[in-house]
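Asker: Generate the whole structure from the sequences, applying the supplied hints.
For the sequence shown, the positions run -21 to -1, 1 to 248 when mature numbering (1 follows the signal peptide of the UniProt record, and there is no 0) is used.
Note that these hints are calculated values from the structure, not bench results.
A virtual CB, placed ideally from N, CA and C, is assigned to each residue, including glycine.
Treat the hints with care, since some could be wrong.
[What the hints assert, rightly or not] Derived Cβ-Cβ restraints for the label pairs, each shown as a range:
{"no.": "1", "residue 1": "198", "residue 2": "21", "range": "34 to 40 Å"}
{"no.": "2", "residue 1": "100", "residue 2": "234", "range": "38 to 44 Å"}
{"no.": "3", "residue 1": "232", "residue 2": "55", "range": "39 to 45 Å"}
{"no.": "4", "residue 1": "242", "residue 2": "50", "range": "32 to 38 Å"}
{"no.": "5", "residue 1": "55", "residue 2": "120", "range": "28 to 34 Å"}
{"no.": "6", "residue 1": "11", "residue 2": "35", "range": "37 to 43 Å"}
{"no.": "7", "residue 1": "41", "residue 2": "100", "range": "44 to 50 Å"}
{"no.": "8", "residue 1": "11", "residue 2": "82", "range": "41 to 47 Å"}
{"no.": "9", "residue 1": "153", "residue 2": "60", "range": "30 to 36 Å"}
{"no.": "10", "residue 1": "217", "residue 2": "122", "range": "21 to 27 Å"}
{"no.": "11", "residue 1": "37", "residue 2": "100", "range": "43 to 49 Å"}
{"no.": "12", "residue 1": "154", "residue 2": "41", "range": "23 to 29 Å"}
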Amino acid sequence: MKILPSFFCLLLCLSAFPSWADDGKPTNDFLGLQSDPSPFSSQHILEFWGYHDYQGSGDYSNTLRLRYYQPAALDSWRGTLRLDTAYVANYGPSEINQSSRSYSAGNTMLTVWGNHPGFLENWGGTLGGRIIFPFGNNGQWTLGPQVGQVFQSVEGSHALLNDFSPLMRYLYGFAASGTPLSNQPPPLRRLGLYPTLGFNITPNTQIRLWDENGVYYNTAGGGWFVPIDAMVTHRFNKDFLIAIGASKQVVQTYQEYNWSVYGKLSFNF
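Answerer: Quick look at the structure:
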């Protein structure tokens, strides 16, 4: 199974650079798709997420997450701000209150990405970063850069493959107090790879692979987490979308979860 992580890395590295024509000029095409230099919505998006995860050994976690997307602009720079906050309930034999399903504050994080027409104008990708605040049950600061690109099918082509939207993000965590407490998890140090693929089922329905859950490599102690992740989305109108998905680990030399089911309600305004 070691070939899977290597394949994902290669796919993301290939997509990080435009294709080159015979005359040496970039074409910004990949897999028959065209690079989208401005993959930013002009609308505000508010999403309500729910997750049910099985951690193994009889332990489970439920998560309620609020996610908000804000269009952003500064001079010629265009981008998106995303704010996430969550409440989490953990239960199972390894928890102190084994049967308790009361919720406590989870992670709160801010993600920013965008591009500038004067910076690597022939590339068409986005640069950004994420910061996870030491709120709730987190107890550590986590921050790091990300790079991504969106390749879209030609409008009106009715292609099965709608988009390929690879993303690579590195996160580096450290204790808020300088010294980790005994009841806190070790600082997060990992590389995240999201080889996101979107397939059109109907004009308003898609299957999206590795959109919500990606491939992780633990840079602190080694080990891969590789899931099969799939989400079905359906847009009822221009303002409302629902999604339901599931994820199952296939390589787990780095612990994340055994399986996960999740869903969301998404509102545009």
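Asker: Please go over all the hints and tell whether each is borne out by the structure.
Answerer: To see whether the hints hold, each was checked on the structure:
{"no.": "1", "hint": "198 / 21: 34 to 40 Å", "verdict": "holds, 36 Å"}
{"no.": "2", "hint": "100 / 234: 38 to 44 Å", "verdict": "holds, 42 Å"}
{"no.": "3", "hint": "232 / 55: 39 to 45 Å", "verdict": "holds, 44 Å"}
{"no.": "4", "hint": "242 / 50: 32 to 38 Å", "verdict": "violated, 25 Å"}
{"no.": "5", "hint": "55 / 120: 28 to 34 Å", "verdict": "holds, 31 Å"}
{"no.": "6", "hint": "11 / 35: 37 to 43 Å", "verdict": "holds, 40 Å"}
{"no.": "7", "hint": "41 / 100: 44 to 50 Å", "verdict": "holds, 45 Å"}
{"no.": "8", "hint": "11 / 82: 41 to 47 Å", "verdict": "holds, 45 Å"}
{"no.": "9", "hint": "153 / 60: 30 to 36 Å", "verdict": "violated, 24 Å"}
{"no.": "10", "hint": "217 / 122: 21 to 27 Å", "verdict": "violated, 35 Å"}
{"no.": "11", "hint": "37 / 100: 43 to 49 Å", "verdict": "violated, 54 Å"}
{"no.": "12", "hint": "154 / 41: 23 to 29 Å", "verdict": "holds, 26 Å"}
In summary, the numbered hints that this structure violates are 4, 9, 10, 11.
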